[in-house]
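Colleague: Assemble the complex: chain A is given as a structure, and chain B must be docked to it using the hints.
There are 2 protein chains.
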Amino acid sequence: MKSPQNSPSALLELIDALKCLPGVGPRSAQRMAYHLLQRDQTGARRLAFSLNLALDTLVRCSLCNNYSEHEVCSLCRDDERDRSKLCVVEMPADLLMMEQARCHQGLYYVLQGRLSPLDGIGPKDIALEQLLKRAQDGVVEEVILATNYTAEGEATAYYIAEMLKRQQIGVTRIARGLPVGGELEHVDSGTLAQAVYERKPV
Amino acid sequence: MKSPQNSPSALLELIDALKCLPGVGPRSAQRMAYHLLQRDQTGARRLAFSLNLALDTLVRCSLCNNYSEHEVCSLCRDDERDRSKLCVVEMPADLLMMEQARCHQGLYYVLQGRLSPLDGIGPKDIALEQLLKRAQDGVVEEVILATNYTAEGEATAYYIAEMLKRQQIGVTRIARGLPVGGELEHVDSGTLAQAVYERKPV
Numbered sequence: 001m002k003s004p005q006n007s008p009s010a011l012l013e014l015i016d017a018l019k020c021l022p023g024v025g026p027r028s029a030q031r032m033a034y035h036l037l038q039r040d041q042t043g044a045r046r047l048a049f050s051l052n053l054a055l056d057t058l059v060r061c062s063l064c065n066n067y068s069e070h071e072v073c074s075l076c077r078d079d080e081r082d083r084s085k086l087c088v089v090e091m092p093a094d095l096l097m098m099e100q101a102r103c104h105q106g107l108y109y110v111l112q113g114r115l116s117p118l119d120g121i122g123p124k125d126i127a128l129e130q131l132l133k134r135a136q137d138g139v140v141e142e143v144i145l146a147t148n149y150t151a152e153g154e155a156t157a158y159y160i161a162e163m164l165k166r167q168q169i170g171v172t173r174i175a176r177g178l179p180v181g182g183e184l185e186h187v188d189s190g191t192l193a194q195a196v197y198e199r200k201p202v
Numbered sequence: 001m002k003s004p005q006n007s008p009s010a011l012l013e014l015i016d017a018l019k020c021l022p023g024v025g026p027r028s029a030q031r032m033a034y035h036l037l038q039r040d041q042t043g044a045r046r047l048a049f050s051l052n053l054a055l056d057t058l059v060r061c062s063l064c065n066n067y068s069e070h071e072v073c074s075l076c077r078d079d080e081r082d083r084s085k086l087c088v089v090e091m092p093a094d095l096l097m098m099e100q101a102r103c104h105q106g107l108y109y110v111l112q113g114r115l116s117p118l119d120g121i122g123p124k125d126i127a128l129e130q131l132l133k134r135a136q137d138g139v140v141e142e143v144i145l146a147t148n149y150t151a152e153g154e155a156t157a158y159y160i161a162e163m164l165k166r167q168q169i170g171v172t173r174i175a176r177g178l179p180v181g182g183e184l185e186h187v188d189s190g191t192l193a194q195a196v197y198e199r200k201p202v
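Residue numbers (full-length UniProt numbering), protein chains in the order written: chain A, 1 to 202; chain B, 1 to 202.
Source of the hints: derived by calculation from the structure; they are not laboratory data.
Just to be clear, a hint being listed does not mean it is correct.
Repeated chains share a single entry, so a pair holds when one copy, or any two copies, can fit it.
Claimed, not checked - Below, computed lysine to aspartate or glutamate pairings styled on DMTMM-like, alpha-carbon distance capped at 25 Å:
1. K19 to E129
2. K19 to E69
3. K19 to D56
4. K19 to D40
5. K133 to D82
Remember, it's a predicted structure, so these values are computed and weren't measured experimentally.
For reference, chain A alone in the conformation it holds in the complex (with noise of 0.2 Å):
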């Protein structure tokens, strides 16, 4: 929708603002802006306060390269995490998925994207030089790929995994299978045929 000379230039500007958002076209933009305006000006201000303490404030924690606001962030710093295991994750939100499983006592390593060629996306230009050192500080006995099991994550997993073994750093990745409470007959055929491929002795 084109928007005419005589419409405010602030509102222009926060309309075009607000199309940085993932997933938000010029409809969604004008729509949210006119409800901030009309409707949530409280909204708005703190929005606009969030964001720039968020940028002021967050760093990348020096030892999992997850967001925080100190150099080392609190799980880092948790006496109580078992430091022999790193868990490998693609993206923040990854991480606490983890979380919610209660299923890691160890400490994490966030990459902050993951390996994707055809989006030019190489090994410089996620933290992986970052990991290797991370792996090697002694204490870390194993590294738990966690990344996806799409074509991307599996790529990352294999190169990770290439780069760790020779430097001798114990590795392994998470199961794949069928979900849990999954049927066989609603679970996708390739999921079914993997789970057949790598079936354990019992």
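Modeller: Relative to chain A, chain B alone:
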């Protein structure tokens, strides 16, 4: 998705603040926050600036009630517009559509809402008194009601028409019927029935 306690508070605060945007829930807010921090810090800073700028500079035009950076907006100040015709629309977006259609050379009045008893929006919650005063400036000869053809838009038009007719101000309503290029086969039956009911002599 719950966030564990060890997420930095500035990040949690940003995710929470993003939820003030219409149609944005916890998951989208999280995705937006990570996107801004990882890929578009410039965009995030600009968004914060634009929000504050819009909140600080935009006021309602004293003539048309639309957003403006001046007490009277540029459209209302335009000498080439026909000041005898006043078109009433619900929202600023409707005014933009009218301008794009280039079908109205007069001025506008933006209600910034519609009557909606179910949502508790009565005559006092939209700027109807100000409209009545505006229409009685001695120059306006015709008020063109261009509210939506929804239940609320219709009720709003009816209420405004009654209010203005009591003051002997000429009121018209934009036509309802088949869309331009519309085929009987593809139009909804409500629209078709209304088009037959409102048929005109040729």
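Colleague: So which hints don't hold here, by number, going up?
Modeller: Number 1 only.
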